[in-house]
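Engineer: Below are the chains, spelled out letter by letter.
Number of protein chains: 4
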Amino acid sequence: MSMITVLDKGYVRLVNHMGSDLTVVNAARVSYAKESKELNERDMKLITFLAREGHTSPFRHVILQFEVYAPLMVARQWWKYVVGSAHQEGTGDTLEAWNESSRRYITEDPAFYIPSAQEWRGKPENSKQGSGDVVAWALGDKYTQELMEYVEEGVRKYEAALQDGVCAEQARLFLPAYGMYVRWYWTASLQAVCHFLNQRLEHDAQKEIQEYAKAILQLSQPLFPNAVGELLK
Amino acid sequence: MSMITVLDKGYVRLVNHMGSDLTVVNAARVSYAKESKELNERDMKLITFLAREGHTSPFRHVILQFEVYAPLMVARQWWKYVVGSAHQEGTGDTLEAWNESSRRYITEDPAFYIPSAQEWRGKPENSKQGSGDVVAWALGDKYTQELMEYVEEGVRKYEAALQDGVCAEQARLFLPAYGMYVRWYWTASLQAVCHFLNQRLEHDAQKEIQEYAKAILQLSQPLFPNAVGELLK
Amino acid sequence: MSMITVLDKGYVRLVNHMGSDLTVVNAARVSYAKESKELNERDMKLITFLAREGHTSPFRHVILQFEVYAPLMVARQWWKYVVGSAHQEGTGDTLEAWNESSRRYITEDPAFYIPSAQEWRGKPENSKQGSGDVVAWALGDKYTQELMEYVEEGVRKYEAALQDGVCAEQARLFLPAYGMYVRWYWTASLQAVCHFLNQRLEHDAQKEIQEYAKAILQLSQPLFPNAVGELLK
Amino acid sequence: MSMITVLDKGYVRLVNHMGSDLTVVNAARVSYAKESKELNERDMKLITFLAREGHTSPFRHVILQFEVYAPLMVARQWWKYVVGSAHQEGTGDTLEAWNESSRRYITEDPAFYIPSAQEWRGKPENSKQGSGDVVAWALGDKYTQELMEYVEEGVRKYEAALQDGVCAEQARLFLPAYGMYVRWYWTASLQAVCHFLNQRLEHDAQKEIQEYAKAILQLSQPLFPNAVGELLK
Numbered sequence: 273m274s275m276i277t278v279l280d281k282g283y284v285r286l287v288n289h290m291g292s293d294l295t296v297v298n299a300a301r302v303s304y305a306k307e308s309k310e311l312n313e314r315d316m317k318l319i320t321f322l323a324r325e326g327h328t329s330p331f332r333h334v335i336l337q338f339e340v341y342a343p344l345m346v347a348r349q350w351w352k353y354v355v356g357s358a359h360q361e362g363t364g365d366t367l368e369a370w371n372e373s374s375r376r377y378i379t380e381d382p383a384f385y386i387p388s389a390q391e392w393r394g395k396p397e398n399s400k401q402g403s404g405d406v407v408a409w410a411l412g413d414k415y416t417q418e419l420m421e422y423v424e425e426g427v428r429k430y431e432a433a434l435q436d437g438v439c440a441e442q443a444r445l446f447l448p449a450y451g452m453y454v455r456w457y458w459t460a461s462l463q464a465v466c467h468f469l470n471q472r473l474e475h476d477a478q479k480e481i482q483e484y485a486k487a488i489l490q491l492s493q494p495l496f497p498n499a500v501g502e503l504l505k
Numbered sequence: 273m274s275m276i277t278v279l280d281k282g283y284v285r286l287v288n289h290m291g292s293d294l295t296v297v298n299a300a301r302v303s304y305a306k307e308s309k310e311l312n313e314r315d316m317k318l319i320t321f322l323a324r325e326g327h328t329s330p331f332r333h334v335i336l337q338f339e340v341y342a343p344l345m346v347a348r349q350w351w352k353y354v355v356g357s358a359h360q361e362g363t364g365d366t367l368e369a370w371n372e373s374s375r376r377y378i379t380e381d382p383a384f385y386i387p388s389a390q391e392w393r394g395k396p397e398n399s400k401q402g403s404g405d406v407v408a409w410a411l412g413d414k415y416t417q418e419l420m421e422y423v424e425e426g427v428r429k430y431e432a433a434l435q436d437g438v439c440a441e442q443a444r445l446f447l448p449a450y451g452m453y454v455r456w457y458w459t460a461s462l463q464a465v466c467h468f469l470n471q472r473l474e475h476d477a478q479k480e481i482q483e484y485a486k487a488i489l490q491l492s493q494p495l496f497p498n499a500v501g502e503l504l505k
Numbered sequence: 273m274s275m276i277t278v279l280d281k282g283y284v285r286l287v288n289h290m291g292s293d294l295t296v297v298n299a300a301r302v303s304y305a306k307e308s309k310e311l312n313e314r315d316m317k318l319i320t321f322l323a324r325e326g327h328t329s330p331f332r333h334v335i336l337q338f339e340v341y342a343p344l345m346v347a348r349q350w351w352k353y354v355v356g357s358a359h360q361e362g363t364g365d366t367l368e369a370w371n372e373s374s375r376r377y378i379t380e381d382p383a384f385y386i387p388s389a390q391e392w393r394g395k396p397e398n399s400k401q402g403s404g405d406v407v408a409w410a411l412g413d414k415y416t417q418e419l420m421e422y423v424e425e426g427v428r429k430y431e432a433a434l435q436d437g438v439c440a441e442q443a444r445l446f447l448p449a450y451g452m453y454v455r456w457y458w459t460a461s462l463q464a465v466c467h468f469l470n471q472r473l474e475h476d477a478q479k480e481i482q483e484y485a486k487a488i489l490q491l492s493q494p495l496f497p498n499a500v501g502e503l504l505k
Numbered sequence: 273m274s275m276i277t278v279l280d281k282g283y284v285r286l287v288n289h290m291g292s293d294l295t296v297v298n299a300a301r302v303s304y305a306k307e308s309k310e311l312n313e314r315d316m317k318l319i320t321f322l323a324r325e326g327h328t329s330p331f332r333h334v335i336l337q338f339e340v341y342a343p344l345m346v347a348r349q350w351w352k353y354v355v356g357s358a359h360q361e362g363t364g365d366t367l368e369a370w371n372e373s374s375r376r377y378i379t380e381d382p383a384f385y386i387p388s389a390q391e392w393r394g395k396p397e398n399s400k401q402g403s404g405d406v407v408a409w410a411l412g413d414k415y416t417q418e419l420m421e422y423v424e425e426g427v428r429k430y431e432a433a434l435q436d437g438v439c440a441e442q443a444r445l446f447l448p449a450y451g452m453y454v455r456w457y458w459t460a461s462l463q464a465v466c467h468f469l470n471q472r473l474e475h476d477a478q479k480e481i482q483e484y485a486k487a488i489l490q491l492s493q494p495l496f497p498n499a500v501g502e503l504l505k
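Protein chains in written order, with our numbering: chain A, 273 to 505; chain B, 273 to 505; chain C, 273 to 505; chain D, 273 to 505.
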């Protein structure tokens, strides 16, 4: 299994990876000029020790590569983490690369995330940020319909503008872009991936990005069970 | 002058800066343990030499700090540069920090970029990307009206959803977000700023981000005339 | 006071800085489009909150610039931190620049760190790394003498080789380089500086780099008392 | 062939790699949601175009991992590139990780680079930096002998100090460290590797690091012939 569907039209695909739990051990032990060929108990203890003490550089020699297809609002939260932006711990040099599709010139038809009737959430109780319980079905259903219509109207106007000769980079002003799907390649070290997971699996992360984080976890854990297990403790 | 207005509602404000042309010279000469107090001809020649030979690390010891208010589509292009993303030269560690407002919890009313009748551009002649000449006034006027109405409708729906108890992080799906203004702090080294300018002052950069690049240039050049002059050659 | 002497011939000099405790508050509040002009109690609480919750990106908008003169073995430990190397938490993108003198072509006479008789330390009791108590004076005195002689012999051979026409980049093989002083410019964000301090003020850091960390702390704390206080808690 | 010997005792070993020329193409085309399975002529043209126009981000999704054993003076030049230091173009975020052995606690016996009689070079003709032609055999032979003796003396004193109970982190002050071999893991993107090669294959780079750069090239080129060929043009 190397692809997991997320939300109504999105997915995470594991494109490639490099290394194993052993890579962490061998990178840490370069000091001692010894290389393990098979993971033994001493190696596992070393991984536990490195993770516990915050000696995370050996985890940067293990690499994962994903293709992600997600609404723009999810992509932005993800990048913010990469840029080390607002209210996030900065871990910037984290061996990351990012290549993304752009609505400035793409010809692919735009696709949008439309929450279903039972997916709309209410305000959180005691916080300015995040969300609370699911709202009543009837209310959710109303907003699903309204959003679908509003998005269709925007797409019609976007296409009419293109038809009339307006450039794509301005015509896109008609698109309700937060929910628009974008696609990107993300290449990151295991340290970076686990830092992302530690932030985005949290209950106060936006629900939609939590879903993507769960997919990333499901694809990563079987490859590096010890390292992921210890870094997410 | 420390603030320049851009587009219909945006601006760039110089919040702070550190160093001068001399900082570049002194950082380069740490090798020789000599510090200049005033910029002389030899110093200027050194700046020319460093820029010409691509020895740009001394330019990283000069820092600028801006507050920017721009449509999301401009912010995204800007970040892509910072992340070193699609089709950009990666200069990632470039001493940059970024703090941005978020529609997940902000209470400020949303504001949007609406091109005026004479600002709508046509398709480029020989390219899949960018834009060409301005379109006919009547066509532009039509799309200005339509965009205004479409945005107003989206904001009404966004506010109705909030009123009905839907969480802000989902209600925003109704906002035509590409044109929505966001505000951020950008702290970057002179090397990073000039790399950004070299990319974004180019004729094939999106027109809207070119406007922001011009404002950044206008605020930066008087502070470091030699260094900026040489790095933008 | 902007310069502090360290070890027998070294120093740390504060060259420049940008921002104040208020910068952290304003960068964090860009979300709310409010700017403080004076630090009040709510601001201090915000700094405490940001540091406690690990929301460190606002601390990256405050910049410090130092000139450091230190033995190569100290410089290497320092760089390792910057590169995010062995057994350190990676925080790489941390707004840092580094410009250093080089023995490949410098003409300045080499200077060396020679511990005095009472500065030699013994092996640690229960660790493979670090050091323990000071050794007996007579033993220390013996090694101070021996090191001085050995260094002088190396410098004589280095200079003879240069005299005989050997290139500097090979002649330097005769220098006992771990103790040789090098000089560099370090420009870093407050987040990066405090991360460095959290690592290098620790009792298990090498004694010599602890001395430099203390000088950095002494020069930084008065400028940003709240931010430094909270980040070093 | 995955290991190449360099200098008298050093080596470069290819530990692992991820991706191929196709990865570059697929990362660039994520924009168009098309994935190539085999490299065709259009793909090669795209690689040529990306390299020529400086659109280097797709090259960051290809990763290489090396173990390097080299004199400290080579390691320092290498790191300076990684930190983006003195007189180098900063490309910092370049997906790099570094884990290195340390003389603070290692128990492995120290090994040193000793140039043979015909390897000593003279001063450069018209430059403050670098080296010129090989010196006369007799002179070279003299310095090979002297360096061997000086190094042996330093190692004897280092071991005597350890024997007398002095801590390793101070005893190492007796080692002529520029020529001492250190071992490290380097994980870097193809963009970073080629940037390193473009700098270090140059005739004015130190001869010893050129040798390492040649080994890196020899191990990398067969894996990504198109990408390496275009990036080194």
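Heads up, a few of these hints could be off.
The list makes no distinction among identical chains, and a pair is therefore deemed to hold if it is satisfied within one copy or across any two copies.
Think about it this way: if two alpha-carbon atoms lie no more than 20 Å apart in a straight line, the pair counts; the simulated SDA-like pairs of lysine to any residue are [to be verified]:
#1 Lys-281 with Leu-491
#2 Lys-429 with Gln-417
#3 Lys-505 with Asp-476
#4 Lys-429 with Glu-418
#5 Lys-395 with Asp-381
#6 Lys-309 with Glu-424
#7 Lys-429 with Ser-388
#8 Lys-505 with Gly-326
#9 Lys-505 with Glu-325
#10 Lys-429 with Gly-412
#11 Lys-309 with His-289
#12 Lys-429 with Asp-413
#13 Lys-395 with Asn-312
Think of the hints as simulated: they come from the structure by calculation, not from any bench.
Engineer: Each hint should be assessed against the structure and marked as holding or not.
Structural biologist: Here's how the hints hold up against the structure:
Taking the closest pair of Cα atoms, Lys-281 and Leu-491 come within 20 Å of each other only inside a single copy of the chain (18 Å); across copies the shortest separation is 42 Å, beyond that limit. Taking identical chains as interchangeable, the C-alpha atoms of Lys-429 and Gln-417 lie at most 20 Å apart whether they share a chain (19 Å) or sit on different chains (12 Å). In this assembly of identical chains, Lys-505 and Asp-476 lie within 20 Å of each other by CA distance solely inside one copy; the values are 18 Å within and 25 Å between copies. When the C-alpha separation of Lys-429 and Glu-418 is checked against a cutoff of 20 Å, the pair qualifies both within a copy, at 17 Å, and between copies, at 8 Å.
Proximity of Lys-395 to Asp-381 under the C-alpha cut-off of 20 Å is restricted to the inter-copy arrangement: shortest distance 18 Å between copies versus 33 Å within a copy. Taking the shortest Cα distances, Lys-309 and Glu-424 never come within 20 Å of each other, neither inside one copy (57 Å) nor across copies (35 Å). In this homomeric assembly, Lys-429 and Ser-388 come within 20 Å of each other (Cα to Cα) only across copies, at 17 Å, whereas the closest approach inside a single copy is 24 Å. In this assembly of identical chains, the alpha carbons of Lys-505 and Gly-326 lie at most 20 Å apart whether taken from the same copy (12 Å) or from different copies (17 Å).
Proximity of Lys-505 and Glu-325 under a CA criterion of 20 Å is satisfied in both settings, with 12 Å inside one chain copy and 17 Å between copies. For the homomeric pair Lys-429 and Gly-412, the shortest alpha-carbon distance between copies (13 Å) is at most 20 Å, but the shortest distance inside one copy (26 Å) is not. In this assembly of identical chains, Lys-309 and His-289 lie within 20 Å of each other by CA distance both inside one copy and across copies; the values are 18 Å within and 17 Å between. Taking the shortest Cα distances, Lys-429 and Asp-413 sit within 20 Å of each other only across copies (14 Å), while inside one copy they are farther apart (25 Å).
When the C-alpha separation of Lys-395 and Asn-312 is checked against a cutoff of 20 Å, the pair qualifies neither within a copy, at 49 Å, nor between copies, at 30 Å.
Hint check: violations occur at hints 6 and 13; the rest are consistent with the structure.
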